[in-house]
Amino acid sequence: MFRIPCPYCGPRDATEFRHQGESRNRPDPRTVTRGQWRAYLYEKDNVAGWTRENWYHGVGCRRFISVERNTVTNETRPAAAAAGAVDPVLPGAEAGAPDADSTRR
Amino acid sequence: MTARYSALSLLSRGLRGRNWPLVWRRHELAPTYDAVIIGAGVHGLAAAYYLAVNHGIRNVAVLDRSYLGGGGSGRNTAIIRSNYLTPEGVRFYDRSVKLYETLASELNFNVMFSQRGHLTLAHNDSSLRTMRWRAEVNKLQGVDSEVIGPDEIKSLVPYMDVSAQTRYPILGALYHPPGGIIRHDAVNWGYARGADARGVQIHEYTEVVGIDVEEGRVRGVQTSRGHISTPVVLNCTAGWSSLVSRLAGVRLPISTHPLQAAVTEPVKVFLNTVVVSGTLHVYVSQTDRGELVFGASTDPYPSYSTRGSLEFTEELAGHVLELMPSIAALRVLRQWAGLCDMTPDFSPIMGETPVEGFLVDVGWGTYGFKAGPVAGEAMAELVATGKTPDLISSFPLSRFADGRLVGEKGAAAVGH
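Residue numbers (our numbering), protein chains in the order written: chain R, -14 to 90; chain W, 10 to 425.
It is possible that some hints are incorrect.
[As the list claims (entries may be wrong)] Footprint (simulated), chain R over chain W, 3 or more residues, beta carbon under 8 Å:
#1 100 to 107
#2 254 to 267
#3 318 to 325
#4 403 to 417
Simulated from the structure, these hints should not be mistaken for laboratory data. Just so it is clear, CB atoms sit at the ideal spot from N, CA and C, and this is done for glycine as well.
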């Protein structure tokens, strides 16, 4: 088992979290083509190595957080601040540029 | 040609105790093959075998970056069944069971297939309804399945707690008599031996590092041991299938999740059926050696790590004891993990891709081993004839773009 660095609670066991998927750019639903939308839905990067993903801290602060994890070794580290990600972002939203649709929800 | 195995030949070699022939040979890499298969597991080896046997295509290389049968084909819990939910799925897996039934004599290799029956327990009304649904779909396709009650379950598995005093009382089960277990390594080795005897070259420790694509067509593969020219590349990998496909520029709708399993110390045989509980996320069978083999649901996040976790053993033990309290004193001998390529609809992906000559037999999730023979047979037919066999025509890669998913979640997995 491994630990996940929650920006609100500190490092906690991964069993406290639920995996929400890779951090990806959601295409605009108003202009997207069906092919683009299905590619967004289904075609994961499925990286073997360091990747950025969203987790939900269900047994802690109940917030959605962004974390980097090495999928081969399950090492984790806080999502790189270099991308401007001060606040954790909702799934599907780009780091540092919260998606208008998903924040309104 | 490989010498046939018989009781007499095994006895005489056993007594002499040396000069056992290699079951498959080693080769130098040739510059050209008619087809290259990536992945020397049950799918790749079966495809190579049926290419040679059914279609006479023998100039074939099977490449694997590690040893033969070391991926999912050697890490699964060796359960064979065909009691799926969709008609497409039932027909497909039924063909696989039929092939498994005659595999030992066909390969001249004892694969130890034991059709001891398969029970899928229902602990609530909705799963009982799904069991009824599956039983009717199965019967319509000519597959033996029926819903049975707690009394019949108790007579099949006397050690099971079917009382109402448990947290999740057992209301019934889907009973599938043709289901059972098999020696998975023997299947891999048998196919390898059969393919090798017909001229197929098996190259272990040969990693594919690139796939040459020109003008939308496959031209060859680059490996850690040199370059190969070939018009056909068949991706039969698990775990890394999305990464191998990306070498050819093909993206797959796959997430890779580890699936853990464990085995106990051997005890006298007391469990004569395979027992599965979706609610409790567990499946149990007892091998001929007497070990209990446990499997569970996939880890709840994608990963390429095959390390076991304590959480898994703890949860597994709790769930197994819920079913069979009397085995509480049994000790777990070892645990391991294999990598499962999960697709959005819990059905595999077989057939052509946007790159001509690059074929896939991937996305086998947690149910790949039981499909090895039929997938190999169908993919061999596709390679040889260029036409997708009817049996696999519902499972193309294009179904995700077309919105024609084949939902097997209810029958293919526990606890997802």
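Annotated coverage of the stretch 318 to 325 of chain W by chain R, confirmed only when three residues or more have a Cβ within 8 Å: holds (count 3)
Cβ contact check, 8 Å cutoff: the stretch 254 to 267 of chain W against chain R, three residues minimum: holds (count 6)
Annotated coverage of the stretch 403 to 417 of chain W by chain R, confirmed only when three residues or more have a Cβ within 8 Å: holds (count 3)
Assertion that chain R covers the stretch 100 to 107 of chain W - criterion: three or more residues, beta-carbon distance below 8 Å: With 0 residues closer than 8 Å to chain R, the stretch 100 to 107 of chain W misses the three-residue bar; violated.
The structure fails to meet hint 1 from the earlier list, while all remaining hints are met.
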